[in-house]
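S.K.: Sequence:
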Amino acid sequence: MSKNEDKKAYELIIQIDKELGEVNYRLLFKESIILKTSALESAQESLYYVGIDSFNFNQEITSRVFSSPIPLSETRTLIEPFMYLEKTKFGHL
Numbered sequence: 063m064s065k066n067e068d069k070k071a072y073e074l075i076i077q078i079d080k081e082l083g084e085v086n087y088r089l090l091f092k093e094s095i096i097l098k099t100s101a102l103e104s105a106q107e108s109l110y111y112v113g114i115d116s117f118n119f120n121q122e123i124t125s126r127v128f129s130s131p132i133p134l135s136e137t138r139t140l141i142e143p144f145m146y147l148e149k150t151k152f153g154h155l
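Going by our numbering, the first residue of the sequence shown is number 63, and it counts up by one from there.
If you are wondering where the hints come from, they were derived from the structure by calculation, not from laboratory data. Check before you lean on any hint, since a few could be wrong.
[As the list claims (entries may be wrong)] Computed cross-link-like contacts, DMTMM-like style, restricted to lysine to aspartate or glutamate with a CA-CA straight-line distance of at most 25 Å:
#1 Lys92 - Glu73
#2 Lys69 - Glu84
#3 Lys92 - Asp68
#4 Lys80 - Asp68
#5 Lys69 - Glu81
#6 Lys92 - Glu103
#7 Lys70 - Glu81
#8 Lys70 - Glu93
#9 Lys92 - Asp79
#10 Lys69 - Asp79
#11 Lys80 - Glu93
#12 Lys92 - Asp115
#13 Lys65 - Glu84
#14 Lys92 - Glu81
This structure is a prediction, so every number in the text was calculated from the model and none was measured.
Given these sequences and hints, build the entire structure.
M.R.: Okay, structure coming up:
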């Protein structure tokens, strides 16, 4: 091989290595985003279920409503987020 052929082969090897590196980087980047998203979703789900398990409606809401004198409008504001739960329960009967 001549020097020019060696140089051309070397340049092609460098170009192929660079292109493969870019493709590999993009794939790894995409996979890392998917993995991070899955991990975040799993963490959110875990926190949700921990919150559900530790939340006691009677203690947190009912006792608050009946033990302290609060205006009716504030009582509605306090229980409003939970109203859809009752609607769902009755909707399936």
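S.K.: Compare the structure with each hint and give your call.
M.R.: So, going through the hints one by one against the coordinates:
no., hint, result
1, Lys92 - Glu73, "violated, 29 Å"
2, Lys69 - Glu84, "holds, 23 Å"
3, Lys92 - Asp68, "violated, 36 Å"
4, Lys80 - Asp68, "holds, 18 Å"
5, Lys69 - Glu81, "holds, 18 Å"
6, Lys92 - Glu103, "holds, 17 Å"
7, Lys70 - Glu81, "holds, 16 Å"
8, Lys70 - Glu93, "violated, 34 Å"
9, Lys92 - Asp79, "holds, 20 Å"
10, Lys69 - Asp79, "holds, 15 Å"
11, Lys80 - Glu93, "holds, 20 Å"
12, Lys92 - Asp115, "violated, 35 Å"
13, Lys65 - Glu84, "violated, 29 Å"
14, Lys92 - Glu81, "holds, 17 Å"
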